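Keeping their order, the protein sequence lines are chains A and B.
Numbering follows numbering that gives the first Met the number 0, in which position 110 of the first sequence is assigned residue number 109; successive positions increment by one, without gaps.
Numbering follows numbering that gives the first Met the number 0, in which position 77 of the second sequence is assigned residue number 76; successive positions increment by one, without gaps.
I should point out that these hints are in silico values taken from the structure, not numbers from a laboratory.
The structure displayed is predicted, hence computed values, not measured ones.
Incorrect hints may appear among the rest.
You can't tell identical chains apart in this list, so a pair holds if it fits in one copy or across any two.
Simulated crosslink set (SDA-like; lysine to any residue; CA at most 20 Å straight-line) [what the hints assert, rightly or not]: (1) Lys70 / Glu46; (2) Lys70 / Phe20; (3) Lys47 / Ala62; (4) Lys123 / Leu48; (5) Lys47 / Ser111.
Here's the letter readout for the chains.
2 protein chains.
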Amino acid sequence: MERYSDEYWMYEALKQAEIAFEEGEIPVGAVIVVRDRIIARAYNQTEKLTDVTAHAEILAITAASNALGAKYLSECKLYVTLEPCLMCAGACFWAQLGELHYGSADPHRGYSRIPQSLLHPKTKVSSGLLADESKNLLQAFFKNLRN
Amino acid sequence: MERYSDEYWMYEALKQAEIAFEEGEIPVGAVIVVRDRIIARAYNQTEKLTDVTAHAEILAITAASNALGAKYLSECKLYVTLEPCLMCAGACFWAQLGELHYGSADPHRGYSRIPQSLLHPKTKVSSGLLADESKNLLQAFFKNLRN
Chain A
0 MERYSDEYWM YEALKQAEIA FEEGEIPVGA VIVVRDRIIA RAYNQTEKLT DVTAHAEILA
60 ITAASNALGA KYLSECKLYV TLEPCLMCAG ACFWAQLGEL HYGSADPHRG YSRIPQSLLH
120 PKTKVSSGLL ADESKNLLQA FFKNLRN
Chain B
0 MERYSDEYWM YEALKQAEIA FEEGEIPVGA VIVVRDRIIA RAYNQTEKLT DVTAHAEILA
60 ITAASNALGA KYLSECKLYV TLEPCLMCAG ACFWAQLGEL HYGSADPHRG YSRIPQSLLH
120 PKTKVSSGLL ADESKNLLQA FFKNLRN
């Protein structure tokens, strides 16, 4: 039996998003969990690394594969504060991710605006966990940027 | 005026694919060119790095951004031997890539099976350069794998 709820893990992802916020990055955070243990934590670092591919999910998937010594993450759960973009959904597909939990929706850049199913058929998906907290952080970031 | 043709650069990408082949990786290679100069060379390293995100295009985009010290590659041309997957097309979108030239089509995993335009509106695309050479290398790889 698992001791922690999905919400518990999403709070951990939100903590990563808060680090991104503090560092002037678009605040998106992610954790990857396997059998009640976090094996990867990451936040968006596109500015710091000067690399558009350094989204939280990509960094988390690379770190999780490194931690497990395995390319496929079918036993893993990814918690990410914002709906993944197409690039990150594509990475989830290749990783054969077990579960994807995302917080707030991203109507402009989220993968679900494409009607075709882009994820692996085995990947279970949930959305909306701590969505308001995630959205508030993003809105505060973009408000700061405009000012 | 540019001294080299698109075919010249695609041969350079094919050389990268051949290195992948020799190393037991699915043979896909890429180069990124800016103003007649290669600033990144990469080949698929998903096996060696145990990382599904280590496609040739992702590694090349990361390397090119590092070489330029810039996140956006709107002055750059990416030559890749196989049609990019959704993950890599998403990375090309974020990078605001100037030109994408790919060799052989990938009807199963290529980004163009999605009817919506996934690339950046500014990205110019061509396909088919050295497609047979790219396909032959991929077919030889999968034939070896089966035997």
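The hints, checked one at a time:
1. Lys70 / Glu46: Between copies only: 8 Å across, 27 Å inside.
2. Lys70 / Phe20: Classified as between; 19 Å across copies, 30 Å inside a copy.
3. Lys47 / Ala62: For Lys47 and Ala62, the Cα distance is within 20 Å both inside one copy (17 Å) and across copies (15 Å).
4. Lys123 / Leu48: For Lys123 and Leu48, neither the intra-copy (31 Å) nor the inter-copy (26 Å) Cα distance is at most 20 Å.
5. Lys47 / Ser111: neither (28 Å within a copy, 31 Å between copies)
Consistency note: the structure conflicts with the earlier hints numbered 4 and 5.
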